[in-house]
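**Q** Since chain E is already given, all that's left is putting chain H on it; use the hints.
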Amino acid sequence: MTVIAIMVVLFLGGIIAWLSEAWNKDWPKWVAVGTCVIAGVVLLPLVYQADSLIAFSDADSSTWIELYEYPWIPRFGIHILFGLDGLSLLMVGLTIFLGFVAVVSSWDEIEKSPGFFQFNILWTLAGVVGVFTSLDMFLFFFFWEVMLIPMYLLIAIWGHENRSYASMKFFLFTQLSGLVMLIAILALVILNGADSGVLTFNYFELMKHQLSPDVSYWIMWGFFVAFVVKLPGFPFHSWLPDAHTQAPTAASVLLAGILLKTGAYGLLRFTIPLFPEAALQIANIAMTLGVIGIIYGAMLAFAQTDFKRLVAYSSISHMGFVLVGLYAWNELSIQGSVIQMVAHGLSTAALFMTAGAIQHRLHTRDTRDMGGLWHDMPRMGAVAMFFMVASLGMPGLGNFVGEILVLFGTFKVNPPIAVAASIGLITGAVYALIAMQRVFQGERKLTRNLRDFGVREMTAMIPLMILLIFLGVYPQPIFDLISPALSNLYSTSVNQIPWIGGLK
Amino acid sequence: MADIVFLIPLMPLLGFTILFITLGNLPKPLVGLVGVGSIAISAIVVLLVGLEFLSLQEPQAYSVSLYTWMNLGGFTPKVSFYIDGLTLTMMFVITGVGLLIHIYSALFMYDDDDYSRFFSYMNLFVSAMLVLVLADNLLLLFVGWEGVGLCSYLLVGFWHFDSNNGAAARKAFVVTRIGDTAMALGMFLLFLHLGTLDFQPMAHKAAVLWQPGDSTITIACLLLVGGAVGKSAQLPLQTWLPDAMAGPTPVSALIHAATMVTAGVYLIARTHGLFLLAPTALLVVAIIGAITLLMAAFTAMTQTDIKRILAYSTISQIGYMFLALGVGAWSSAIFHLMTHAFFKALLFLGAGAVIYSLHHEHNIFRMGGLRKKMPVAFWSFLIGSAALAALPLTSGYFSKDAILISAFQQPDFGIWFWGAGILGALLTAIYSFRLFFIVFFGEMKTEPEQPAGWLMAGPLVILCLLAAAGGWLVVPVSDVFPVAGAIDHSGLVPLVTTSIPVVGVIIAYLIFLRHSFDVQPMLDSAAGQLLIRFWFSHWGMDWLYNRMIVKPYVTVTQFNKRDVVDSLYQFIAETILLAHDFVTTSQTGQMRTYAVVMVAGLVVIFAIFVGLFTGVQP
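Read top to bottom, the protein sequences are chains E and H. Numbered according to numbering that gives the first Met the number 0, the first sequence spans residues 0 to 503. Numbered according to numbering that gives the first Met the number 0, the second sequence spans residues 0 to 617.
Just chain E, same shape as in the assembly (with noise of 0.2 angstroms):
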């Protein structure tokens, strides 16, 4: 039940945000704020469990921590079944708490409307639990679009000076994406319940029969393109700079720190499960187009101006690992590429946070006009050297983990690939450095006299950075949590396709 109380407090806690605004301005942010420690309140007891869950995993194959089902539409087999798992959980967590993180980070940003802007972010909030955790594949489509239309509105409505234009392509681009999604779904469960003659969405009942080679093979580019979009793999990239750039900086954490990582949540939880031999078929492809992302979002990067732009393109160029740790396929990578997800989600949040700290004071996103800003703000230096410097990959923080774990998996599996991929470690460095240079360093053109980081930035930085320690010098909770999840994908495809087990 605990998955179902999570969404309705945050739900609830969106409707009472957007309701108090009506007795004081400054209500809906503390509503926000309570609404998200609350879940995490609520989802606390859950990790306990997933201790005990491990523990036992072996005696019991069942890697679920929580499991119910209820009839929604039985005439189409449409069911509430909700799911978590080790992964999941992980990925609830980050979305709590990067919630949170959110609203601290825009506490006086935002001046129009404030009930309605925590609305949307609950909402967010409560769209992107329910995709991580339903395992019904209506129900999962459902949340998919929950989270998206929010989203939009963050960035319609409290945008910068091109939010029409970006909210659109976000909307027009995660739509189609959405809409390729839902076909594919109903070709996967039509087709499915034509063999099997049972009509059924559940994630469980689909994966137990297998489709033809070829339809399964062009069903899985369905999943596999609208997943991809929402990573954002190259080339359905361009929609992330533009939507990220505009974005408030709460939704742009949002995006950066959770919507993206839907994108590679999908992937591993249906994607390669449901169609594990088509799945392998492009894996080549996938890693190629990860690759490709690596280093074209990196080039990106460096040439930028605008530094949440650059950030956003960073993003890409980190996300391209993930897609490679996936599609490589074996412990070590896939494991790197949740790291990688956990990790690159706190640091980005992290430094969009920064960007969106400089426009709130400057009035500029352009780094040409800043330079010298450590003078005036050493602390915001100070924090935003540590997570650049965690960006570009360094050992002893999360990224690194990440980062190595997605490269020595698919070393073994595609050397050409990894060494491909290697190269992101030099052209990682060669951004974050260069933004670093143009932001905090070099001779101050500002003689204005700045505020540095207060008491509620740091309460919001400073668990980031102790969890991107803890992440880099001790994953291994992360790992016992999450493998059970990943057991079965290794075993089914482990079995079924040879070669990437027999490779040593």
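For the record, the hints were derived by calculation from the structure and aren't laboratory data. Quick caveat, the model's predicted, so the values are computed rather than measured. Each residue gets a CB set at the ideal place from its N, CA and C atoms; glycine is no exception. Check the hints yourself; a few may be wrong.
The list that follows gives simulated cross-link-like pairs (lysine-lysine, PhoX-like), each with its CA atoms no further than 25 angstroms apart [what the hints assert, rightly or not]: (1) H:Lys77 / H:Lys204; (2) H:Lys371 / H:Lys444; (3) E:Lys411 / H:Lys77; (4) H:Lys372 / H:Lys444; (5) H:Lys204 / E:Lys411; (6) E:Lys111 / E:Lys24.
Far from chain E, by Cβ distances over 10 angstroms, these chain H residues were calculated [to be verified]: (7) Phe5; (8) Lys27; (9) Ser515; (10) Gln519.
**A** Chain H alone, transformed into the frame defined by chain E:
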């Protein structure tokens, strides 16, 4: 003592953490206490651990495992430290020389606003460097490896308000990262085949798996060499080190002379079990060393910035270490690493004292006659230069002599390696005493002020002793490396080897002090000018890399700043808008237009139907 080993890297890390969290809000004396104290504790622990280790009849290497870093899919890197003679030697150098340099910095940097930031970076560096040498496996070594790279970046760009320093720092980081990436690939390859990254099992398994000369191990070793040449500033990645002199002078002494830049030497020495299976890779190491030591020595002759001269001499001396590794003279390489740390730290700190007293003057031709006014710096430079030039009985003499004779005994190209080393030794003597004579003799050009206090003088004196007498120290690495062939000290070769540096000093004396030869016409000639410019630019390598890599990358990224992929989507969007406009124009609102179009449409449809039913093709 094994249970306190973890304190060695932890103490400086703690120092860093304290200074980082307080972000410059501590009073300066306290900052100094934390910054220096953490290194001092670490040095004491190293001393305790080392004495216990060496007091044993038969020192046994041991591992201290802290925890398993990751455990998944057969990949189980541990956070685990390995203590043997090699690690101890490195730790003695790092904490010993490191402590001296920290004490020196406590005064040298005292007037800097960012005193606390300086010590936090320095402490982090020492911690990372200790992790590097303590690591029991390649992945943990890589952690330290990247960590020292980060600190090098932060410290080179310490005075970040000057964009040039930032550029130098970025160059240092990115160039070494190219090497690091090669090293990471080597790591992937080794893990793929050996299934472990722990040094000792790796060497055993490799010896079982591969015959000497096998192509896989050769590639793996060459990739490791890629990492080593990046960090240790050897051909072809040496271009970052001279620019790295933009950092504060104690940084140059600690990171860019005594410790970090020798990490590549350490890496190859630590993985010598693998390299012994890859003779080709070893030969490459020797060739890289020989060429680099000559290139850098020629460049050092032409430089005028006191720190850049020392930087090129560092590149050159590490070239000797590479040469030693390449010819299998493992312990000589480590011995030279140690003595070099002493005399080069001494020279840099001495240079720092000069620069400090002359208000940040770097050009040696604007110095001169400092012998009387700055006796400590004078003696430092005298002893340091003598050791650098390897004059008999100095520390540098013992180590370099052993390397050159080992090089001569290399079976295939021994005479070439020896020749390169001898030529390099001659040049070393000339350029180091050129610096010495110009700075400390002749007429005074800038009046020194601000005499260095005892905090700066003390470390210099200790380093003077080490640089002078360090040759009698024994590096406890005999159990680490395979037994080398006996060094043959008879015959002409050792005699030449010993006397060449003396010749070099005499040449320098005659040219730069006595002015017995007028070399000016030669220098002014067209050929001389060309050669000097060529050498001064370090054989045009920066120019080449700018043209080959930097400029193209910038051009391509600038060209694609707006993302060509996006223009495809823009095209689709605009096409749809265009179609929309086109269709909209038909909506004129005029009844007669609609009527005409309607009738025309009907006629067309009617014609088609008639055609279909009568079989007449339109």
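**Q** Now, for every hint given, state plainly whether the structure supports it.
**A** Against the structure, the hints come out as follows:
no.: 1; hint: H:Lys77 / H:Lys204; verdict: holds, 18 angstroms
no.: 2; hint: H:Lys371 / H:Lys444; verdict: holds, 13 angstroms
no.: 3; hint: E:Lys411 / H:Lys77; verdict: holds, 21 angstroms
no.: 4; hint: H:Lys372 / H:Lys444; verdict: holds, 12 angstroms
no.: 5; hint: H:Lys204 / E:Lys411; verdict: holds, 18 angstroms
no.: 6; hint: E:Lys111 / E:Lys24; verdict: holds, 10 angstroms
no.: 7; hint: Phe5; verdict: holds, 13 angstroms
no.: 8; hint: Lys27; verdict: holds, 16 angstroms
no.: 9; hint: Ser515; verdict: holds, 48 angstroms
no.: 10; hint: Gln519; verdict: holds, 40 angstroms
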